[in-house]
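Can you join these two chains into the complex? Each is in its own frame, and there are hints to help.
Next come the chains, spelled out residue by residue.
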Amino acid sequence: MVMLEVKDFGKRFTSHHLNTTRKAVEGIGFSLGQGGFIGIVGKSGSGKSTILKSIYRTYLPDEGEIWFDSERFGRIDLLKAEERQIIWLRKHEIGYVSQFLNVMPRTTARELVEQALLGMGESPEAAKVQAEHSLRHFDLDERLWDTFPNTFSGGEKLRLNIAIATVKKPRLLLLDEPTASLDYQSKLKVREVIEKLKADGTTLVGIFHDLEFMEGLCDCVYDMNEKALRGMPEVQR
Amino acid sequence: MQQFEERPLLKVEHLTKQYGPGCVECSRPGRPGLNKNYCPSCGTVYACSDVSLDVYPGEILGIVGESGSGKSTLMQCLYFDQDVTSGTLTIDDPELAGENLFDVSSQRKRYIRNHKYGMVYQNPVRGLRMDFSSISNIAEKQIAAGGRHVGNMQSAGERLLDVVSIPLFRMKEEPRNFSGGMQQRVQIAKALSNDPPILFLDEVTTGLDLSVQAAVIDLIKQIQRDLGISMIVVSHDLAVIRMLADRTLVMLNGRVIESGLTDQILEDPNHAYTQQLVYSLL
Chain E
1 MVMLEVKDFG KRFTSHHLNT TRKAVEGIGF SLGQGGFIGI VGKSGSGKST ILKSIYRTYL
61 PDEGEIWFDS ERFGRIDLLK AEERQIIWLR KHEIGYVSQF LNVMPRTTAR ELVEQALLGM
121 GESPEAAKVQ AEHSLRHFDL DERLWDTFPN TFSGGEKLRL NIAIATVKKP RLLLLDEPTA
181 SLDYQSKLKV REVIEKLKAD GTTLVGIFHD LEFMEGLCDC VYDMNEKALR GMPEVQR
Chain V
1 MQQFEERPLL KVEHLTKQYG PGCVECSRPG RPGLNKNYCP SCGTVYACSD VSLDVYPGEI
61 LGIVGESGSG KSTLMQCLYF DQDVTSGTLT IDDPELAGEN LFDVSSQRKR YIRNHKYGMV
121 YQNPVRGLRM DFSSISNIAE KQIAAGGRHV GNMQSAGERL LDVVSIPLFR MKEEPRNFSG
181 GMQQRVQIAK ALSNDPPILF LDEVTTGLDL SVQAAVIDLI KQIQRDLGIS MIVVSHDLAV
241 IRMLADRTLV MLNGRVIESG LTDQILEDPN HAYTQQLVYS LL
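Residue numbers (UniProt numbering), protein chains in the order written: chain E, 1 to 237; chain V, 1 to 282.
Here chain V stands alone, though its shape is the one from the complex (with noise of 0.2 Å):
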C-alpha cells in the first residue's frame, strides 16, 4: 500500500489543561481516581486530559462533546487564549518549523495569533469591539497582521464584508446595532481579513436562527473551498458538524474518546457515549 505523502498542518499532541495544582492520586497514567474530570481528593479539574489532533490543508476538523467537555478549553488553549499544563502545538510553516508553539514567547504567540490564526467566538462580543465601526474591527486585525496602507485595507475590508453579506452601507456602523446573525458574520470577516491559514470556529452557529445559522454554514462552507483554510469547528450540533466536517473528534470529561470520518461516528459510533450522543438525535 502506497503512503499517502500528507503532513498535518497544525499538530497537537498530548494537550493537558489542569486547573489546580494536582496530587499524587490524580497524576498517574490515565488518571483513575478521577470524577468525571474532577479529582476528588485535591479538587484539581482537568479541562483537556492528553488531547492529540491533526489537522490537514484545507480541511475541516470537528469536535462535538456535551457541554463541559473541554471543547473550549481546547480552542482557547489552541488560540493561546490559555496556556496549557503540557503538551505541544506545531504548525507545517517555514516561519514556525521544528518549534513547540506552546512554550514561546508571549510576542511570539501573538505573531502567531496575528498571522497564521483567525478565531469566531461563539460570543461575538469577546471577538468584536462593539463600539468600533464593522470596517474598523476589520482593520484593527489587518493592522495587528502588519497592514498600514489605509487604501488597500479598506478596500480589502470592504471585500470581506461582501463576502459575509453585510451591506456596505452598513459598514462605519457599530456591530452592537447588529443583529446576532450579523455580528456573527462582522466576526467571520474580521477572522478572515489576516488572511490566516487556520481558523478556529467555536460554537459560531448556537443561539442562531435556523436560517441565519444555514447562512453562516453556506459561508464557512464556501470560504473552504474558495480559499482552502484549515478549520476546527466545536460544535455541540451534530447537524452542524455533518455538514461541514471530513473528520470528526468526540471529546467527553476532558478527553478524546473517539474518532474517525463524520458519517461514521454518526452512523457506526463505537463508545457508548457517542451512541447516547448519536441516538439522541431527533
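This is chain E alone, in the form it adopts within the complex (with noise of 0.2 Å):
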C-alpha cells in the first residue's frame, strides 16, 4: 500500500523585499509504502528540509501533489487539504522532529508528551500511563521527567522530541536530521529507537547528514542530484 507519493513536486521563493524568487526544488518524485524508509540525501542547500517542510505543510508549495493515505481522510494530497483537516492529520497522523526542540516553555517533560496525547482526545489517566511508557522507552532518565527541557543536553532534548513526536503512533514520521548535533552514543540510542518504530509500522521519510548512521536503516535512499530513488549506496570507509 503506498502511504505517501510525492509527483512533480516543486518549491519557489519570493522575498517582495529582495525582489527576487529563488527555485528551492523542481521536479521531486518518489513514493512509499507502509512501514518503509525513504533517507533523502544531497549538498547542503538542495532543498532536501524543503520537501519534509511541505510534506508537514510548514511550506506552502507551488507545484505538485503530495498524497498521503490517511486514517481519517483517506486518500489526501496535503498540498490541497484544508488547514483544519492538517491540524488534525498533525495531532493524530503525521510527526515531525527536527534537530531542535521547540516547545511551550517551563513545561516539564512529562508534560509535553501528556499533552500530545491530550490534544488527540486521550483521558489524562491513559496519557500518564503511556507518557512514561513512551519516556522509559526513549530511555529518558527518570530525573528528569519533571523538569524543564531547557537544561537538557541535546541527545536528551531529542529523545524527548522523538518522544512527543512518536507518542501518538503516527502513520508517517518526518525525521529532519535529527542526529546533527549528536555524539556517537546518543546517535546509537536514536538509531535504536528508528527500528523500534519501524518494526511498529511506522512509515518514514528522513536526512542524515551521514550515510553511516543510515546503512541498513533506510530502504533506499532518494537522491536530490539525480532526482530518484536508489539502492542504499556503498558506504565508503
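Source of the hints: derived by calculation from the structure; they are not laboratory data. Just to be clear, a hint being listed does not mean it is correct.
[Stated by the list, open to error] Calculated cross-link-like contacts (lysine-lysine; reagent style BS3-like; alpha-carbon spacing at most 27 Å):
| hint | chain 1 | residue 1 | chain 2 | residue 2 |
| --- | --- | --- | --- | --- |
| 1 | E | Lys91 | V | Lys221 |
| 2 | V | Lys11 | E | Lys80 |
| 3 | E | Lys128 | V | Lys221 |
| 4 | E | Lys169 | V | Lys221 |
| 5 | E | Lys91 | V | Lys11 |
[To be verified] With beta-carbon atoms standing in for the labels, derived distance ranges:
| hint | chain 1 | residue 1 | chain 2 | residue 2 | range |
| --- | --- | --- | --- | --- | --- |
| 6 | E | Ala199 | V | Arg225 | 28 to 36 Å |
| 7 | V | Asn35 | E | Glu26 | 34 to 42 Å |
| 8 | V | Phe132 | E | Gly121 | 38 to 46 Å |
| 9 | V | Asn35 | E | Met1 | 55 to 63 Å |
| 10 | E | Met104 | V | His271 | 23 to 31 Å |
| 11 | E | Gly121 | V | Val278 | 29 to 37 Å |
[Said to hold, decoys possible] Selected chain V positions facing chain E (in silico; Cβ < 8 Å):
| hint | residue |
| --- | --- |
| 12 | Glu6 |
| 13 | Asp218 |
| 14 | Met243 |
| 15 | Arg247 |
| 16 | Leu261 |
| 17 | Gln275 |
Ideal Cβ positions, reconstructed from N, Cα and C, are used throughout, including at glycine.
Next up, the structure:
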C-alpha cells in the first residue's frame, strides 16, 4: 500500500523586499509504501528540508502533489488539504522531528508528552500511563521527567522530541536531521528508536547527513542530484 | 478526498467598519483609491474592510498586525462594543441559529455577551471595576449570566481565582491594589465566569514582563486544553501567537492580507508585509 506519493513537486521562495524568486526544488517525485523508510540525501542547500517541511505543510508549495494515505480522510493531497485537516493530521497521523526542541516554556518533559496525547483526545489517566511508557522507552532518565527541557543535553532534548512525536503513533514520521548535533552514543540510541518505530510499522522519511547512520536502516535513498530513488549507497570507510 | 465534517463555531463574513460617510471614490469594489485605510477625498477611515474569518470549536485563532491595522476594532465589533457598518456574524448554537448577530437588538447582543462570550482587554481598566473586590468583579458577570445562588457563585468564583493563581486570601481586595499581571489574571477569571464557549483576548500579554507573560500564556493554553473554549487571540507579538494559535490571520490597513497555519505564516510568509513582519523578528 502506498502511504506517501510525491509527484512533480516544486517550491519557490519569493522575497518581495529583494525582489527575487529562488527555486528551492523542482521535479521531485517518489513514493513510499507503508512501513518503508526513505532517506533523502544531497548536499547542503539542495532542498532536502524543503521537501519535509512541505509534506508537513510548514511550507506552502506551489507545484505538484503530495498524496498521503490518511486513516481519517483516505487518500488526500496534503498540498490542497484544508488547514483544519492538516491540524488534525498533525495531531493524529503525521509527526515531525527536527534537531531543535521547540516547545512551550516552563513545561516539564512529562507534561509535553502528555499534552500530545491529550491533544488527540486521550483521557488524562491514559495519557499519564502512555507518556511514562514513552519516556522510559526512549531512555530518558526518570529524574528528568519532571524538569524543564531547557536544561537537557542535546541528546536528551532529541529523545524527548522523538518521544513527543512518536507517542501518538503517527502513520508517517518526518525526521529532519535529528542526529546532526549528537555524539556517537546518542546516535546509537536514536538508531535503536528508529528501528523500533520501523518494526511497529511506522512509515518514515528522514534526512541524515551521515550515510553510515542510514546504512541498514533506510530501504532506499532519494538522491537530490539525480532526482531518483536508488538503493543504499556503499559507505566508504 | 473525504470531506471534513466540522462546522465553525463562529463565522464572520465581510465585516466592514468605517468611520465617516464614504463617497463615490472609496465605495468602489476593492477601494482602490485609499491611502492605507484612509480615503483622501472624503476623509473616511476604513478600520476593517471586508474581513471574513472562521473559528472552529476548541481552536485558538491568532490575529497579528501592526498598530492601526484594525485588530482591536475587529475584536470590539465581534464583542458588540462597536456597531459594524456591514457584514454578518453567525454562531453555531441552537439558541442563535441562522441569525446575523450584528443585526439583532441590543438586548439580544447583551444576552450573547453575557452567556456566550468572554472578553479580556489589553487594559484591565476596561474589563474590571477597579474599586470592586476581585470576587465581586467575577460575581458581576455571573449575575449578568443569570447566576442567583450566592453560595454557588462564590465557590465558582473562588475556583476560578484559584485557576488563575490569585491567592484566595486576597479575593476581597480591589484589583487596583494588584500588579498588572494579577489584574490581567483577574480579568481572565472574570471572562471565564459564565463558562463562555468563545473567548476574546486582545493583547493580553502586552506590557507584562516575561515571566508573567509566560504565566498568562500557560494559563490560556491550559484553559483551552481543559475547557475546550474557542478563542481569538490578537497580538502584535509573533512569539505569543506562535505559542498559542493553530491558525493565524495577518491584518494590514483593515484587511486580512494573509492567513494560514501559524508555523506556515512564520516560516513561509507570502505577502510582502508578512515577510517584513517575520523577517524583523529578533
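(request) With a cut-off of 27 Å on the C-alpha distance, tell me whether Lys11/V and Lys80/E pass. (result) 22 Å, holds
(request) With a cut-off of 8 Å on the beta carbons, see whether Leu261/V makes it to chain E. (result) Nearest chain E Cβ about 5 Å off; hint holds.
(request) Below or equal to 27 Å on CA atoms is what counts here, so check Lys169/E against Lys221/V. (result) 23 Å, holds
(request) Look at the Cβ atoms of Gly121/E and Val278/V and judge whether their distance stays inside 29 to 37 Å. (result) 32 Å, holds
(message) Under 8 Å is the threshold here; is the Cβ of Arg247/V close enough to any Cβ of chain E for the hint to stand?
(response) Hint on Arg247/V: holds, closest Cβ of chain E at ~6 Å, below 8 Å.
(message) So, as I understand it, the hint says Gln275/V touches chain E; can you test that by seeing if any CB pair is closer than 8 Å?
(response) Nearest chain E Cβ about 6 Å off; hint holds.
(message) For the hint 34 to 42 Å, verify it against the beta carbon of Asn35/V and that of Glu26/E.
(response) 40 Å, holds
(message) Interface hint check: Glu6/V, Cβ to nearest Cβ on chain E, cutoff 8 Å. Holds or violated?
(response) Since chain E brings a Cβ to about 6 Å from Glu6/V, closer than 8 Å, the hint holds.
(message) Within 38 to 46 Å: is that where the Cβ-Cβ distance between Phe132/V and Gly121/E falls?
(response) 39 Å, holds
(message) Would the hint on Asp218/V be counted as holding, given a Cβ-Cβ threshold of 8 Å to chain E?
(response) Interface hint status for Asp218/V: holds (6 Å vs cutoff 8 Å).
(message) What's the verdict on Lys91/E and Lys11/V, does the C-alpha distance respect the 27 Å limit or exceed it?
(response) 24 Å, holds
(request) Would you check whether Met243/V satisfies its interface hint, that is, whether its CB is within less than 8 Å of any CB in chain E? (result) 6 Å, holds
Violation of the numbered hints given earlier is absent; every hint is satisfied by the structure.
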